[in-house]
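**Student:** Could you build the full structure based on these sequences and the hints that come with them?
Residue numbers (the UniProt record's numbering), protein chains in the order written: chain U, 1 to 416; chain E, 1 to 546.
Since the hints were made in silico from the structure, they are not lab data.
Warning: the hint list may mix true and false statements.
Unchecked claim - Think about it this way: if two alpha-carbon atoms lie no more than 20 Å apart in a straight line, the pair counts; the simulated SDA-like pairs of lysine to any residue are: (1) Lys-263/U <-> Thr-252/U; (2) Lys-242/U <-> Glu-395/E; (3) Lys-263/U <-> Thr-154/U; (4) Lys-220/U <-> Val-279/E; (5) Lys-242/U <-> Ser-398/E; (6) Lys-330/U <-> Ser-153/E; (7) Lys-55/U <-> Ser-75/U; (8) Lys-76/U <-> Trp-273/U; (9) Lys-248/E <-> Gln-137/U; (10) Lys-202/E <-> Gly-66/U; (11) Lys-315/U <-> Lys-159/E; (12) Lys-402/U <-> Glu-395/E; (13) Lys-242/U <-> Ala-439/E; (14) Lys-264/U <-> Ala-276/U; (15) Lys-173/U <-> Thr-163/U; (16) Lys-222/E <-> Ala-85/U; (17) Lys-159/E <-> Leu-190/E; (18) Lys-280/U <-> Asp-358/U; (19) Lys-172/U <-> Phe-379/E.
Unchecked claim - Quick partial rundown of chain U residues pointing at chain E, CB under 10 Å, derived from the structure: (20) Gln-107; (21) Gly-109; (22) Pro-113; (23) Gln-137; (24) Ala-176; (25) Ala-382; (26) Ile-394.
Beta carbons: idealized from backbone N, C-alpha and C, even for Gly.
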Amino acid sequence: MRIRTAGVVAVLGLALAASGCGGGDEKEPAAQESPKAAGGKLVIWADDKRTAALKPFAEKFGQDNGVTVEVQAVSKDLQTNFVTASQQGSGPDVVVGAHDWIGNLVQNGAIDPVQLAADQKSAFSEVAVKAVTFNGQLYGVPYATENIALIRNTELAPEAPKTIEDLVAAGKKLKAEKKASEILCLQSGQNGDAYHIYPLYTSGGGYLFGTAANGDYDPKDLGVGKPESIAAFQKIAKLGEKGDGALKRSITGENSIATFTGKKCAFLVSGPWAIADAKKANIKYDISPVPGFAGGKEAQPFVGVQAFYVAAKGKNKALAQEFVTNYVTKPDLAVALYNAEPRPPALTAAFDQVKGTDPDLAKFQEAGKNGQVLPAIPAMAAIWDPFGKAEAAIIGGADPAKTITAAGTTIAGQIK
Amino acid sequence: MSTSLSGPGPATRTPGREPVGSGLPRASQGARNLAPITAAGLLVKVVLLGLVAGIAVWAAFPLVEAEQWTGLAILAVTTAGLFYLYLTRRHVPAKYLVPGTLFLIAFQVFPVLYTASTAFTNFGDGHRGSKDDAIVAIQSSSVKQVPGSTEYSLSIATKGDPATGPLVFLLSDPKTNQVSAGDADGLRSLDAGDVTVAPGGKVTAADGYTVLNFGQASVRSKEITDLVVPTSGGAIRSNGLSRAYEGKAVRAYDAGCDCVTDSETGKTWTADGATGSFVAADGERLAQGWRVNVGLKNFSRVLTDPNIAGPFFGTLLWNFAFALGSTGLTFVLGMAIALALHSPRMRGTNLYRVLLILPYAMPSFAMLLVWRDMFNTDFGLVNNLFGLGVDWFGETWSARAAVLLVQLWLGYPYMFLVTTGALQAIPRELTESTSVDGASPWQSFRAVTLPLLLVALSPLLIASFAYNFNNINAIWLTTAGGPFPADNPRNGATDLLITYTYRLAFGAQGAEYGTAAAVSIFIFAIVATVSAISFRRTRKQEEVYS
Numbered sequence: 001m002r003i004r005t006a007g008v009v010a011v012l013g014l015a016l017a018a019s020g021c022g023g024g025d026e027k028e029p030a031a032q033e034s035p036k037a038a039g040g041k042l043v044i045w046a047d048d049k050r051t052a053a054l055k056p057f058a059e060k061f062g063q064d065n066g067v068t069v070e071v072q073a074v075s076k077d078l079q080t081n082f083v084t085a086s087q088q089g090s091g092p093d094v095v096v097g098a099h100d101w102i103g104n105l106v107q108n109g110a111i112d113p114v115q116l117a118a119d120q121k122s123a124f125s126e127v128a129v130k131a132v133t134f135n136g137q138l139y140g141v142p143y144a145t146e147n148i149a150l151i152r153n154t155e156l157a158p159e160a161p162k163t164i165e166d167l168v169a170a171g172k173k174l175k176a177e178k179k180a181s182e183i184l185c186l187q188s189g190q191n192g193d194a195y196h197i198y199p200l201y202t203s204g205g206g207y208l209f210g211t212a213a214n215g216d217y218d219p220k221d222l223g224v225g226k227p228e229s230i231a232a233f234q235k236i237a238k239l240g241e242k243g244d245g246a247l248k249r250s251i252t253g254e255n256s257i258a259t260f261t262g263k264k265c266a267f268l269v270s271g272p273w274a275i276a277d278a279k280k281a282n283i284k285y286d287i288s289p290v291p292g293f294a295g296g297k298e299a300q301p302f303v304g305v306q307a308f309y310v311a312a313k314g315k316n317k318a319l320a321q322e323f324v325t326n327y328v329t330k331p332d333l334a335v336a337l338y339n340a341e342p343r344p345p346a347l348t349a350a351f352d353q354v355k356g357t358d359p360d361l362a363k364f365q366e367a368g369k370n371g372q373v374l375p376a377i378p379a380m381a382a383i384w385d386p387f388g389k390a391e392a393a394i395i396g397g398a399d400p401a402k403t404i405t406a407a408g409t410t411i412a413g414q415i416k
Numbered sequence: 001m002s003t004s005l006s007g008p009g010p011a012t013r014t015p016g017r018e019p020v021g022s023g024l025p026r027a028s029q030g031a032r033n034l035a036p037i038t039a040a041g042l043l044v045k046v047v048l049l050g051l052v053a054g055i056a057v058w059a060a061f062p063l064v065e066a067e068q069w070t071g072l073a074i075l076a077v078t079t080a081g082l083f084y085l086y087l088t089r090r091h092v093p094a095k096y097l098v099p100g101t102l103f104l105i106a107f108q109v110f111p112v113l114y115t116a117s118t119a120f121t122n123f124g125d126g127h128r129g130s131k132d133d134a135i136v137a138i139q140s141s142s143v144k145q146v147p148g149s150t151e152y153s154l155s156i157a158t159k160g161d162p163a164t165g166p167l168v169f170l171l172s173d174p175k176t177n178q179v180s181a182g183d184a185d186g187l188r189s190l191d192a193g194d195v196t197v198a199p200g201g202k203v204t205a206a207d208g209y210t211v212l213n214f215g216q217a218s219v220r221s222k223e224i225t226d227l228v229v230p231t232s233g234g235a236i237r238s239n240g241l242s243r244a245y246e247g248k249a250v251r252a253y254d255a256g257c258d259c260v261t262d263s264e265t266g267k268t269w270t271a272d273g274a275t276g277s278f279v280a281a282d283g284e285r286l287a288q289g290w291r292v293n294v295g296l297k298n299f300s301r302v303l304t305d306p307n308i309a310g311p312f313f314g315t316l317l318w319n320f321a322f323a324l325g326s327t328g329l330t331f332v333l334g335m336a337i338a339l340a341l342h343s344p345r346m347r348g349t350n351l352y353r354v355l356l357i358l359p360y361a362m363p364s365f366a367m368l369l370v371w372r373d374m375f376n377t378d379f380g381l382v383n384n385l386f387g388l389g390v391d392w393f394g395e396t397w398s399a400r401a402a403v404l405l406v407q408l409w410l411g412y413p414y415m416f417l418v419t420t421g422a423l424q425a426i427p428r429e430l431t432e433s434t435s436v437d438g439a440s441p442w443q444s445f446r447a448v449t450l451p452l453l454l455v456a457l458s459p460l461l462i463a464s465f466a467y468n469f470n471n472i473n474a475i476w477l478t479t480a481g482g483p484f485p486a487d488n489p490r491n492g493a494t495d496l497l498i499t500y501t502y503r504l505a506f507g508a509q510g511a512e513y514g515t516a517a518a519v520s521i522f523i524f525a526i527v528a529t530v531s532a533i534s535f536r537r538t539r540k541q542e543e544v545y546s
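**Tutor:** Structure representation (structure tokens):
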């Protein structure tokens, strides 16, 4: 009996020792590194598509510099996951994402500003640099810009419409001739889509935020609920279900591109990501700016920028800064990322390099030339939901003045 | 998150408690002194305790690193307790009770307590960390390059051993090619003869210093980012491993006034402990705040803020209607089909049963998305098939009907299954004798079959009610809470409390975990009360019928 107990204790001691070693293994390289051994580890978080494109470059960076680089794919809720992980101290060193995350990431202390030399900065398109600037500081290194445009089926609609009224007339004609079942594929869904309706909103005269003296958006000057926004939505309401029927809640993010490639509508408002589907479906298409209302203001789409950020609580910040400021700023990486997903590169040199082989790129850039940089201020988060839902209600036939005033009140109440 | 609180909880816990608490231990207690130690039993014991030890060691390292001594103490005591318990031959009942209790604490008690403690804070975007974190973030995001200052080429070097020697920045000015060494004491010029400079301007070797390569340097990343070389205009900081710049933190925290001052504009933001942010005299708040205790503010906000309270009670009402509706409708349909198939005159019952189970076998997650698209006004199957033009998800009542319809389709096979099972247990003689007594089939169903069925199925119905009360998938994947009234984007016609809470906590407008936790606690209280009352009534019913 006693011997048995002793045996159990001994075996357990071994198990404990073994597991102790197992647990401790990860620590060892850091504790006993030799001068020649590989050094620190750089961890990058990106979404699936970008992970694949980044991997070869990250590996090369690692080999060139004697460090380990790990690119991890976070396919869902990258921003939320990053903020949570960073708060718990288990986040990456570098994260790749959209520029409108900046406000939220900064207020949560999740990213640090980056310092670019003047010549590095001037290599980027102006709009890209402006997008990643927040409170007068540069918070990320941009690599691609994106905006929406009007993609049209040239077999059904050979001419690019100059105004939205022209578009509606052309669409109605196609519908009457039974060549198409919808006038326009502009996604809304039951809860609206602020991003896709924005060109029409600006053409109607609306704005989201005024700009402060330093060029940043001013959260105190909220345009939603102002007379201009009501006027804009009155024009949008005329295109809605109770009016021309060009805007419908039944056209959603899930079916808009499929409806276009199924030749059920001649006009699609979407971004570069829709092009792959159009090509696959053998649609003859052309790209032009989203048209505005006749006699209205310019139709300005949002311009978004994808960027690399240095995590404030990363374990290897010096290496992360080195990677982001001196490696991402080289055109090769931008071209590779373009090849993985065709969005116009933010580096002018890289853009020129791919422009020749891809005519769509220049057309998208042309469509976004007068675009507005998507506001990155934290207050922007308060916009999306109420604005989209107001849009959906108005498209469905609700009173624009009452609806948009209420949305303005809700948004103002959420801005701290 | 929510289903674990209330969904399967009551259903699985109750039956589980019986054998663990009363049955097994008594049996083994009697046999305690006789039970031989088998090789297999010993092996299982060794493996399991080894696993416990392994997990403990694995969990200990991060705790030590984070200096969480309380957590480490709990871990040590728990592990020691487990070893003591399973290495002695005494305390046999505890051997059976402890694992379940530990899991109960880890997966039920702890999340509830954590949610409860969150409900008293302003935890959310902009208020996630401590005040110190916020101050660090404010200062480090205010570092700006001194205008017109030099951009240096940087090499990281040490005096002596690369891994441990004191760090030095070797800086070369690209315009003058002047090389200097900088550390916390300041800058010193180096003789051009003592250094080797690469064409790019980077120092590759210097007398008396060991130049580190990227690999060696990156191991000491934290020291490098922390090292600032003071200069007259600010300080030279590293920018990565190959460049350095002269920068200045424009905003600085002063513990004396508990405020942050901007040296460029002279503006001051004073710490406000009640809201967890730095506020200027003109009301401007710095973006980076910290987490503070706000007492009952979140709870009172839920009850009194007209933007939340009004919708809250409206949503609550629909929430009850939805849970009752989905449970009741599925039960009625499932039972009706089960009764029909139970009839001895029915032929081909097996085929029908297989067909009826099909919806149950489909993953509900995917089915909900399919149903969402089928209800699309213009492209959906429902409208196209029946030639309708109903704006299903656009009108309050059609959306509610659609959601219940989907629930009915997804849920009735389950009710059919359990009713079929329960029906087998009711002796046919009972209904036969009622027909002998001259009762109509309806009368015998009302008086005999249904009461007996309800005795068996009530707990399941209550569990199903509790599950549907928090059935976030059913709403989120179909209507996402919509349609929303034109003047209120917060609460849709089909919103459940849980979808409403989810939008608060993880919605597009930024996370508000504190408020969401407060709402969760309300939901928890409601579901717990409803379940408790229902179970008590069921027990009474059982007493009546048995």
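**Student:** Does each hint fit the structure? Answer for all of them.
**Tutor:** How the hints compare with the structure:
Of the pairs offered as hints, the one joining Lys-263/U and Thr-252/U holds, with about 16 Å between alpha carbons and a cut-off of 20 Å not exceeded. Taking the CA atoms of Lys-242/U and Glu-395/E, the gap is near 15 Å; set against the 20 Å cutoff, the hint holds. About 11 Å separates the Cα atoms of Lys-263/U and Thr-154/U, which keeps this hinted pair within 20 Å; it holds. A distance of roughly 16 Å separates the Cα atoms of Lys-220/U and Val-279/E; the hinted pair therefore holds under the 20 Å criterion.
Proximity of Lys-242/U to Ser-398/E is assessed by CA-CA distance (about 19 Å); at most 20 Å being required, the pair is judged to hold. For the proposed pair Lys-330/U and Ser-153/E, the alpha carbon gap of about 18 Å is at most 20 Å, so the pair holds. The suggested pairing of Lys-55/U with Ser-75/U holds, with an alpha-carbon distance near 15 Å, which does not exceed 20 Å. Taking the CA atoms of Lys-76/U and Trp-273/U, the gap is near 18 Å; set against the 20 Å cutoff, the hint holds.
At most 20 Å may separate the alpha-carbon atoms for a hinted pair to count; Lys-248/E and Gln-137/U meet this at roughly 13 Å. A hinted pair counts as satisfied when its Cα atoms are at most 20 Å apart, and Lys-202/E with Gly-66/U qualifies at roughly 18 Å. About 24 Å separates the Cα atoms of Lys-315/U and Lys-159/E, which puts this hinted pair outside 20 Å; it is violated. Only pairs whose Cα atoms come within 20 Å are accepted, and Lys-402/U paired with Glu-395/E is accepted, the gap being roughly 18 Å.
Under the criterion of a C-alpha separation no larger than 20 Å, the hint pairing Lys-242/U with Ala-439/E is inconsistent with the structure, at around 58 Å. With a C-alpha separation of about 18 Å, the suggested pairing of Lys-264/U with Ala-276/U holds against the 20 Å cut-off. Distance hint between Lys-173/U and Thr-163/U is fulfilled; the C-alpha atoms sit about 16 Å from each other, no more than 20 Å. For the proposed pair Lys-222/E and Ala-85/U, the alpha carbon gap of about 19 Å is at most 20 Å, so the pair holds.
For the proposed pair Lys-159/E and Leu-190/E, the alpha carbon gap of about 14 Å is at most 20 Å, so the pair holds. Taken as a hint, the Lys-280/U and Asp-358/U pair is honoured in the structure, with Cα atoms around 16 Å apart against an allowance of 20 Å. For a cut-off of 20 Å, the pair hint linking Lys-172/U to Phe-379/E stands: about 18 Å separates their Cα positions. Nearest Cβ of chain E to the Cβ of Gln-107/U: about 4 Å, under the 10 Å cut. The hint holds.
The beta carbon of Gly-109/U is positioned within 10 Å of a beta carbon in chain E (closest approach about 3 Å), and the interface hint is therefore held. Checking Pro-113/U against chain E by beta carbon gives a least distance of about 6 Å; that is within 10 Å, so the hint holds. Annotation: interface hint on Gln-137/U holds; nearest CB of chain E at approximately 6 Å, less than 10 Å. A hinted interface residue such as Ala-176/U counts as satisfied when its beta carbon comes closer than 10 Å to some beta carbon of chain E; here the least separation is about 17 Å, so the hint is violated.
Annotation: interface hint on Ala-382/U holds; nearest CB of chain E at approximately 5 Å, less than 10 Å. Interface restraint check: Ile-394/U against chain E, minimum CB-CB distance 7 Å, threshold 10 Å, status holds.
Hint compliance for this structure: hints 11, 13, 24 are not met, and every other hint is.
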